[in-house]
Amino acid sequence: MAGMKMSAMRTAEAVAAIPMHHGLVLAAVLFALGLIGILVRRNLIFILMSIEIMLNAAGLAFVVAGARWEQADGQVMLIFILAVAAVEVSVGLALLLLLHRRFQTLDADAVSKMRG
Amino acid sequence: MILSTLIFILVAGGMLSWVVERWRPGSAKWVALTTVGIELLLTIWLWLQSASAMALPAHGGWLAELRAEWIPRFGVSFHLAMDGISLILVVLTAFLGVVSVACSWTEIQERAGFFYLNLLWTLAGAVGVFLALDLFLFFFFWELMLVPMYFMIAIWGHEKRQYASIKFFIFTEGSGLFMLVAILALVFVHYRSTGVLTFDYFELLNTAMSPSTELWIMLGFFIAFAVKTPIVPFHTWLPDAHTEAPTAGSVILAGVLLKTGAYGLLRFVVPLFPQAAGYFAPVAMALGAIGILYGAFLAFAQTDFKRLVAYTSVSHLGFAVVGIFAWNPWSLGGAVMQMIAHGVSTGALFVIAGILQERTHTRDMHRFGGVWGIMPRLAAMGLFFAIAALGLPGMGNFVGEFLVLMGLSRVNSVLASVAAVAFVTSVVYALALVQKIFHGENTQGWQLHDLSGREMATLYSMAAITLWLGLYPQPVLDAAPSIANRPPAIAVAHREGNAE
Amino acid sequence: MLSLLWLIPTLPLAGFLVLALSGKYLGRRSIAVIGTSSVALSALIAILIGIDFIAAPPPGFVFRQEAWTWIAVAGFSPGIGFYLDALSLVMILVVTVISFLIHLYSTEFMSGDDGYARFFAYMNLFVGSMCILVLADNLLFLYLGWEGVGLCSYLLIGFWYRDSGNGRAARKAFIVTRVGDTAMALGVFLLFTHLGTLDIQSLMQRVTQQWPEGSELAILAAGLLLGGAVGKSAQLPLQIWLPDAMAGPTPVSALMHAATMVTAGVYLIARTHVLFSLAPPVQLAVAVIGALTLLLAGFSALAQKDIKRVLAYSTISQIGYMFLALGVGAWSAAIFHLMTHAFFKALLFLSAGVVIMTLHEEHDIFRMGGLRKKLPVAFWTFLIGSASLAALPLVTAGFYSKDLILWQTWSSQGGNPWLWAAGCGGAILTGLYIFRVVFLVFFGEARAAAPPDTRRPGLRITIPLIVLAAFSIVGGWIETPPFLGHLTLFSDFVQHALPPAQVVHDGKNDETVLELLAIAASLGSIALAYLLFLRYPAFLHGLMLIPELARIRKFWHFGWGFDRFYEFLFVRPYIWLAYADRNDVVDNIYKMAISFTLRWLQKVDRHDVIDYIYSGLAELCLFLYRALSATQSGQVRRYAAAIAAGSISIIFIGIFA
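Order-wise, the sequence lines are chains A, B and C. Quick note: the first sequence, position 62, residue 62 per the numbering used here, numbers continuous. Quick note: the second sequence, position 247, residue 247 per the numbering used here, numbers continuous. Quick note: the third sequence, position 250, residue 250 per the numbering used here, numbers continuous.
Calculated from the structure, these hints are not laboratory results. You may find that some hints are simply not true.
Claimed, not checked - Calculated Cβ distances over 10 Å to all of chain A for the following chain C residues:
1) I51
2) P393
3) A538
4) W560
5) R572
Stated by the list, open to error - Among the chain C residues that face chain B by a calculated CB cut under 7 Å, a handful are:
6) G167
7) R171
8) I175
9) V179
10) F189
11) F443
12) W576
All C-beta atoms in this analysis are idealised placements derived from N, C-alpha and C, irrespective of residue type, glycine included.
Put together the whole structure using the sequences plus the hints.
See the structure below:
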């Protein structure tokens, strides 16, 4: 029991030891990668994956900030984001399937029926 | 409570028939029939309850009233009340509601649920108009009537339905705008002089205002009601709307909606603006007399059955207008009588036109002739109602026309003589109608089956009512004097006019 | 017995209802039974009431009965009420008895017709309306009967509805009489406005109390009522409908001319005689209208070919006599003539009907002839009727009544020699035209195109003929001139309701001389007819070769051109205008106004500076629309890029600004 408490303490200390801006830079890099992925990829599956990356980047930023201020809110938000991501993926994949069935392609540029 | 029930039943019945038609096609008409049937029974029960009270000579009060807060900040309340005139007009509305459901029984096949929704909501609006004593509420119901009626013409109408429905809408909506402006003006004038912001009829009754203001505001109301009644020269929407509407629409238009115009003149224009109505009465009576003659004159030349009947409405309602502005017990009794009798007899003529059109798909009178030989029952009914329309004694219209002219001759005997020419012109068109459709040779070789039981029940009941109104009109006439006794100012104005 | 009064109009109306509602399901026999028995019963009741009335007169010789108050508005309260006095009793007897005989005749005469039930329904309604008219105790209820007979005349004249000509005649009858009715309605308004009641008896009382003789209101009111009477009784200038009314079946003509309809005007004037005697100019007008009408119609009757048209003009002429009598204040003489005329005119029509039926719907008297042997009953009855119409002295009813009128036209206060001369001239014309028909139809050789029907009329036709023939003879013996016993049963009885004529020239010698002159006129005219139409027809043919005379004959034949005159003055302009305005000029004004405004706007805008502003605005809107729609490429990645770029720029602004 005591050991477990000790190890938790140690992990918190270890994380606290990492400077906050490291975590934030990592989140920013991940976010930028996701954004670039969305912008350059034409395959809708890759776009969805990039969105996941962006979501996780945002989640990471929350966790880092939560650790910094020693508040649980950041972790709550991460869980919330995970849930949203799961929902988003399921809807997105369903749409993807329908699109594929209808247009026989997953090229995002090919599907531009909604242009004004 | 009973008053709001009268309106609510129709609104709810309309919703129900719309919904029910989706579950089980063909059931909407039953729901609609039940609804209007209940409405009719309720109103007749009300009438029987109050008949003894109305027959009292001193009776001048209200039979039922309901007042609830609605928008207190602007002085708007949900205020309904019923006196004798409202009562008989509501009875008429309910009766014609039954008739119009009966005559759409087989005619309306397409989107029946939505049709009955519109029909019942139009009726609900009309009942509301007859009962509302808050000007804001009145205007609300006034508009409520129009939209469903517009849909009825536009969706289920005949060949030129687009044109007719848009014309109907523009005329009535445009004139409604005048009324709205006039209502607001009246309320503000009242607010300025008393500091109370209210739309209530009784509060506004004795608003002090300068004669010119009174005249302008009155004209705003007058135009709205004149379009609806209709008074020449605002009548031109009517022939198109009547002609193109489905049978039930024509029946409701002629029987109920036109009456709201005359009712407005009776309830609002004269009592709210007695002095202005006094100055204006000669013009209004002259317009009414012109309408009487002009409608009869034009009816004669029509070749479309429904159009002919539509013009006769212009003529008949002219009597009501004249009677209202002559404003003495005889002419008012006649005007109310004319409204009721016209509702029944003209409604019946539209039902007959609808029956013929359903069987032959035409309304062109050149293509008829000799219908007596193939549909003797229908022809006999057609003859009966044509005769009622020409004002034969013993039928309802005669009592109305006679009393109106008798009252008018007290006020202005020259105008009465001119209007009486309609006795001749109405014979001319009514007999032309009978000749062109029912008499003569069946040149087109029509083979039509005579009236069904449902049609016979409809027409026979209408015929019986017409005869009853003609031979024992007292129950209807008892309702009229209650208003005749109230604002004496216009009568004073007449008397002054005569003295000069 | 008197309390059964309400049944008299109710029974025929009930018959009408039964026939109208269930006529389709009834056999011919039951239709005939219902149609006839309803009228028969009411005739029976009328006779019983008459006996009762004479044997035990009610107080004041008046009996009233009110069923219910019809309309009650602020002091205006006419009821559904009946009023029986000597005048209405005479009328009701005439109406019901003659109607019954005509109904009986019709059961056989119409037996081959499709619309058997419809025919009897209308006939019953006709009789019922007439009974209401006669028995009504107020002017409004009277007006109900008045319009009711107008309607029935329309329905029955147009009974054979397939022929549009019949419809035309029927509409003409209704519309023309309605013109008169409108005048009458105005008169009713006037009376109520000034006297405050419509009950005829109290009206007459108030008239005498409130209006002095010759007052303007009295003249106006009497004049308007006269308008109604003139329309219904087919007098100048509204006489034009009656000759065309022959389009209906023959019993209808008999009913209309004898018992109902045309006598209504005479009755109305007699009923309101108090009012008329307060308006001397109107009374003079009544007399003059009567005199003129009887002459004009007499001449027209002389020029007709259709046997029924001769009789129609003869009716107009005889009603003219009644108007003449009313105009000079000889009220009871007018009603007396109304009664005898009803007998012989019904008789003439019914026997003419037999002739027409036997000759297969032949109406032209020049295609008849020599029927004396073939149709003895028709011949004898027609002859009796003609003799009565021509006032053959001593034996016929027509002689006594017409004689009374002529004498009182001379002697009474309102009378004058000119009117008498007109009446006498009319008597000569009467003898000429009716015996022209007798000689042409029943004497000489047969000129019919087809051989006459071999069927002989049955009992249901001959009995009414014989009864009416008997009435046409004995009906006059209840009132005889001074030199023939001076029996005054009729005028004594009617005196309870109508004042006697005020005689100013009283002298037995005068009277005898005038009677002799009238007798001479009657006999002379018959003799002249014999010479002209039977003995020396070539003479007339010779005369007709003169073009002017032929033209006059044609003019008379078409009723003095009234029809054409009205046609051009009223009918055609009305129809033309109505059709010209069929699409409603008011509507066209709106349409024109709208289209004109639109066109005007277009025209002005083309050269208007303001228009450039508007169109510039429109161009701008169009540009913006295109620009914005270009951004909607439909490509998700571009949207994402735009979002990213937007976010980045917002962050930059947030950081550096």
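Evaluated hints:
no., hint, verdict
1, I51, "holds (103 Å)"
2, P393, "holds (111 Å)"
3, A538, "holds (106 Å)"
4, W560, "holds (86 Å)"
5, R572, "holds (67 Å)"
6, G167, "holds (5 Å)"
7, R171, "holds (5 Å)"
8, I175, "holds (5 Å)"
9, V179, "holds (5 Å)"
10, F189, "holds (4 Å)"
11, F443, "violated (40 Å)"
12, W576, "violated (10 Å)"
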